[in-house]
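Undergrad: If you want the building blocks of each chain, they are given just below.
2 protein chains.
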Amino acid sequence: MAQLLRVQNFNVSSDGVGAGADGDQSLENPFGLPGAERLFAWAGATASWPMRTDPGGSRGLDDHFTRDYARNIGAEIMGRNKFGPQRGPWQDHEWRGWWGEEPPFRTPVFVMTHHPRPSFTLADTTFHFVDADPATVLARAKEAARGKDVRLGGGVTTVRRFLDAGLVDTLHVVVSPVELGTGLRLWESSDELLDRYHREVVPSPSGVTHHLFWRR
Amino acid sequence: MAQLLRVQNFNVSSDGVGAGADGDQSLENPFGLPGAERLFAWAGATASWPMRTDPGGSRGLDDHFTRDYARNIGAEIMGRNKFGPQRGPWQDHEWRGWWGEEPPFRTPVFVMTHHPRPSFTLADTTFHFVDADPATVLARAKEAARGKDVRLGGGVTTVRRFLDAGLVDTLHVVVSPVELGTGLRLWESSDELLDRYHREVVPSPSGVTHHLFWRR
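First to last, the protein sequences are chains A and B. Quick note on numbering: this note's numbering labels position 68 of the first sequence as 68, and the sequence is numbered without any gaps. Quick note on numbering: this note's numbering labels position 85 of the second sequence as 85, and the sequence is numbered without any gaps.
No lab work stands behind these hints: they were computed from the structure. All of these numbers come straight from a predicted model, not from anything done at the bench. Do not rely on the hints blindly, as some may be mistaken.
Because identical chains cannot be distinguished in the list, a pair is counted as satisfied if it fits within a single copy or across any two copies.
[Said to hold, decoys possible] Heads up, simulated DMTMM-like pairs for lysine to aspartate or glutamate below, C-alpha to C-alpha not over 20 Å straight-line:
#, residue 1, residue 2
1, Lys148, Glu37
2, Lys148, Glu179
3, Lys148, Asp54
4, Lys148, Asp191
5, Lys142, Asp131
6, Lys148, Asp68
7, Lys142, Glu192
8, Lys142, Asp124
9, Lys142, Asp24
10, Lys142, Glu94
11, Lys142, Asp92
12, Lys148, Asp169
13, Lys148, Glu192
14, Lys148, Glu101
15, Lys142, Glu101
16, Lys142, Asp169
17, Lys142, Asp195
18, Lys142, Asp68
19, Lys148, Asp131
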């Protein structure tokens, strides 16, 4: 089986916004966007949400997507902004990302940054910091994934870069019925991808709409 | 995490029929029902169909269900009719089910029958034959599953028995737009389960409708 590069459970507003504008992130506000938490509510309500600590949660359609989060994933690629809000050279190697002592990734994670720093491990997750173009980072991640797929974790800018380079095999984007107006947009409309991808649009009883893409 | 008993990718017609009437099965016609193959077409079209041997296939909504087939499954329970068409005492131990030399289950499988026979292994699948009530078989399957979930593979009669015993935690039933008229019915209407289960009904672009149930 081919190793796929998969975008999964990527959340945007009805107007395509997935994060605040560059510079609006902070330690207190990881998404740099008032109301961003409304984009994730659907996932937190499911039984299989990776960050869930209590029993319960729904086991319907939305749960089929959160439970697919880790299936056959051997590595993740993320932009620096998904790791932390800092810009420029690292001032503090003691700060190890905003994912806590047990990050939900549980694989090698490749953080794209112009400012590499030493790799480190938290529980089952090892963070590597790489200054390279998307194709090179993907090659490293695929090697680390040992035959499994690679998840492209975001944020918006990172997903756009890999899409523009033609490297993404499948995308699962969750559109919430919330209009945010400003911020970084994944797309103006998901129609933009139809020249290169098949698309299915699946409304969920929870109110969100799942957009599924795979290569033509 | 609790070990669940899960029904997955279970196919019925628009009038609830999942197999031919008892006695209509044969070696040449495993479902004992003309047209039954139309109930499975949706699955065969997906990239993750466990029996797929060539590349290709869709990666949309339907594929999310076929790819969930083996996730966190440690054992399967099936009725005798899913193993073979014979009735009464086994006449021929050389015949080892109609799943071929590489059955798609890849776990221990517990076949419910009043006529036990010795266990045997084909590739990654070991078949055990048990003459016991549903609760007892489930206890054995959970032990064999080593902490993972158990899949209840069918057929119709077996699913009904476990439902009636209150043992099923989640169900995924795929309703095809095909009316079969005669045969074994899973239900008259899926409304019958609403006293005990949450339900979501999700139409797929392929034309089938996914019915998802989890305990109230």
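Undergrad: Each hint needs a verdict: does it hold in this structure or not?
TA: Hints, one by one, checked against the model:
When the C-alpha separation of Lys148 and Glu37 is checked against a cutoff of 20 Å, the pair qualifies neither within a copy, at 30 Å, nor between copies, at 32 Å. When the C-alpha separation of Lys148 and Glu179 is checked against a cutoff of 20 Å, the pair qualifies neither within a copy, at 36 Å, nor between copies, at 41 Å. Taking the shortest Cα distances, Lys148 and Asp54 sit within 20 Å of each other only across copies (19 Å), while inside one copy they are farther apart (29 Å). For a Cα distance limit of 20 Å, the shortest separation of Lys148 from Asp191 qualifies neither inside one copy, at 29 Å, nor across copies, at 40 Å.
Taking identical chains as interchangeable, the C-alpha atoms of Lys142 and Asp131 lie at most 20 Å apart only when both belong to the same chain, with a minimum of 16 Å there against 47 Å between chains. With identical chains, the CA atoms of Lys148 and Asp68 are at most 20 Å apart both within one copy (14 Å) and between copies (16 Å). Neither within a single protomer nor between protomers do Lys142 and Glu192 lie at most 20 Å apart by alpha-carbon distance, with minima of 27 Å and 47 Å respectively. Taking the closest pair of Cα atoms, Lys142 and Asp124 come within 20 Å of each other only inside a single copy of the chain (18 Å); across copies the shortest separation is 27 Å, beyond that limit.
For the homomeric pair Lys142 and Asp24, neither the shortest alpha-carbon distance inside one copy (32 Å) nor that between copies (50 Å) is at most 20 Å. Taking the shortest Cα distances, Lys142 and Glu94 never come within 20 Å of each other, neither inside one copy (28 Å) nor across copies (44 Å). In this assembly of identical chains, Lys142 and Asp92 lie within 20 Å of each other by CA distance neither inside one copy nor across copies; the values are 29 Å within and 48 Å between. With identical chains, the CA atoms of Lys148 and Asp169 are at most 20 Å apart within one copy only, with a shortest distance of 14 Å there and 30 Å across copies.
With identical chains, the CA atoms of Lys148 and Glu192 are never at most 20 Å apart, being 29 Å at best within one copy and 41 Å at best between copies. Neither within a single protomer nor between protomers do Lys148 and Glu101 lie at most 20 Å apart by alpha-carbon distance, with minima of 25 Å and 26 Å respectively. Proximity of Lys142 and Glu101 under a CA criterion of 20 Å is satisfied in neither setting, with 25 Å inside one chain copy and 32 Å between copies. In this assembly of identical chains, Lys142 and Asp169 lie within 20 Å of each other by CA distance solely inside one copy; the values are 13 Å within and 36 Å between copies.
Taking identical chains as interchangeable, the C-alpha atoms of Lys142 and Asp195 are never at most 20 Å apart, the minima being 26 Å within one chain and 47 Å between chains. Proximity of Lys142 and Asp68 under a CA criterion of 20 Å is satisfied intra-copy only: 19 Å inside one chain copy versus 23 Å between copies. In the homo-oligomer, the alpha carbons of Lys148 and Asp131 never lie at most 20 Å apart, since the shortest distance is 23 Å inside one protomer and 40 Å across protomers.
In summary, the structure is inconsistent with hints 1, 2, 4, 7, 9, 10, 11, 13, 14, 15, 17, 19 from the numbered list given earlier, while agreeing with the others.
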